[in-house]
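Chains A and B supply the protein sequences, listed in that same order. Read in our numbering, the first sequence has 147 at position 107, and its numbers run on one by one without any break. Read in our numbering, the second sequence has 82 at position 42, and its numbers run on one by one without any break.
Treat the hints with care, since some could be wrong.
Pairs count within a copy or across copies, as identical chains cannot be separated in the list.
Claimed, not checked - With a Cα cut of at most 25 Å, we get these calculated BS3-like pairs of lysine-lysine: (1) K207 with K249; (2) K134 with K249; (3) K211 with K161; (4) K160 with K134; (5) K134 with K246; (6) K207 with K246; (7) K161 with K246.
Worth flagging that the hints you see were computed from the coordinates, not collected in a lab.
2 protein chains.
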Amino acid sequence: AAIEQHLAGTPPAPGRLAGRHVLVTAGPTHEPIDPVRYIANRSSGRQGFAIAGALAAEGAAVTLIAGPVTLDTPAGVERVDVETAQEMANAVAKTLPADAAVLVAAVADWRTDAAPQKIKKGTGTPTLRLTENPDILTMLATSPHRPRLLIGFAAETDHVIEHATAKRAKKGADWIVANDVSGDVMGGDANTVHIIRAQDVESWEKLPKSQVATRLATRIADTLQETA
Amino acid sequence: AAIEQHLAGTPPAPGRLAGRHVLVTAGPTHEPIDPVRYIANRSSGRQGFAIAGALAAEGAAVTLIAGPVTLDTPAGVERVDVETAQEMANAVAKTLPADAAVLVAAVADWRTDAAPQKIKKGTGTPTLRLTENPDILTMLATSPHRPRLLIGFAAETDHVIEHATAKRAKKGADWIVANDVSGDVMGGDANTVHIIRAQDVESWEKLPKSQVATRLATRIADTLQETA
């Protein structure tokens with residue numbers, strides 16, 4: 041009853057994130073193989089865009105760094121469009137300082153040396169040597185301008201919590217939002233996520249991306265208030 | 041003056057493609073590297089969707105086989121969604137017979153053996169061995185159900201007409217629509233194309249994709265009437 045009263049009687053004050061700057065990355069990155077071909081991670085960008093919108097609705101000044109997607113910019117959000125992981129890393133660095141960063145983008149882990157002209161077929165079967173891309177989460181975690189609340193995402197197909205817990209520790213993030221993508225075509229309208237923190241794991245039921253976004257924005261506002 | 045009068049006075053009769061079945065492919069294909077990563081060719085799908093719509097507006101029964109894009113289906117078009125080149129080839133084969141086929145899709149030329157689970161980073165830098173995908177244009181050109189008018193697209197960055205002319209001969213297509221993508225981010229709203237035929241090359245000025253589509257639909261209607 042106390043909880044119900046709390047929920048019904050005292051909605052979060054509007055603008056609890058007023059005066060905060062929050063950085064959000066969203067979408068895939070495209071790593072060129074040649075002028076027409078690329079490597080990418082699957083990502084519709086919708087979860088990140090929804091989070092950017094939810095944070096702005098809580099009053100935050102949101103900078104959304106977006107890979108190549110065809111989505112409308114949420115109201116009140118400042119958007120920076122990028123193509124590759126390197127461009128995204130550069131845009132993130134330029135956006136600092138920020139009170140919080142939510143790295144939702146499905147950044148391509150590898151790039152390859154792009155051919156300047158279209159590779160013709162029938163010239164044998166090429167082999168792509170992949171080079172690891174800059175890791176934006178690690179870059180932020182070790183930055184002198186590290187955001188106070190640093191949140192990474194992890195799309196996992198198996199051992200979801202185990203992998204995401206290891207990722208949190210290794211990367212030095214405050215939270216990892218672990219997204220269970222097993223048996224799922226990405227780009228759907230709902231996500232099953234677990235919030236991995238140092239002290240606990242909060243598992244949410246399968247929710248529409250918009251609700252994942254508003255709930256996460258609420259947690260972020262709670263945490264920035266607590267630690268202010 | 042005669043031309044002006046012709047253009048103003050006698051618009052193409054509506055429904056010149058009534059009773060014709062036209063197959064259109066559009067968009068990219070995505071070739072999985074693992075459950076979250078893929079290789080693709082850049083393609084917004086917009087030129088192919090516009091062509092499908094323009095053909096339907098001329099009265100054709102259009103089957104549009106679309107790779108992963110987030111575009112609305114044009115009015116009067118039957119749409120089949122696919123992900124990979126192999127799925128697109130299968131869908132094309134099932135759609136035959138057709139009076140004409142317009143292969144606009146930027147099919148990924150290569151695929152790789154997809155890993156069943158997400159490849160972890162930090163396990164060295166993987167090498168992707170690429171295998172050539174089925175060539176849908178060649179498949180149609182050599183099919184016992186070859187469409188009477190077979191049109192391929194070629195995105196070229198250099199020696200546009202030369203490359204496209206060689207492609208037409210090699211593939212056994214009737215026309216190649218050569219798209220000059222040099223210095224262009226694909227996914228723009230306009231295209232500079234050349235229509236490569238056995239007897240000639242018709243070069244069009246840079247046009248909005250919608251106008252490339254209507255002009256091409258007109259040429260297709262002319263040709264199917266001539267050769268009926």
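Hints, verified against the model:
1. K207 with K249: within (22 Å within a copy, 45 Å between copies)
2. K134 with K249: neither (28 Å within a copy, 36 Å between copies)
3. K211 with K161: Intra 40 Å, inter 12 Å, cutoff 25 Å: inter-copy only.
4. K160 with K134: neither (38 Å within a copy, 29 Å between copies)
5. K134 with K246: neither (35 Å within a copy, 37 Å between copies)
6. K207 with K246: Only inside one copy: K207 and K246 sit 22 Å apart there, 49 Å across copies, limit 25 Å.
7. K161 with K246: neither (44 Å within a copy, 27 Å between copies)
Violated hints, listed in ascending order, are 2, 4, 5 and 7; each of the other numbered hints is respected by the structure.
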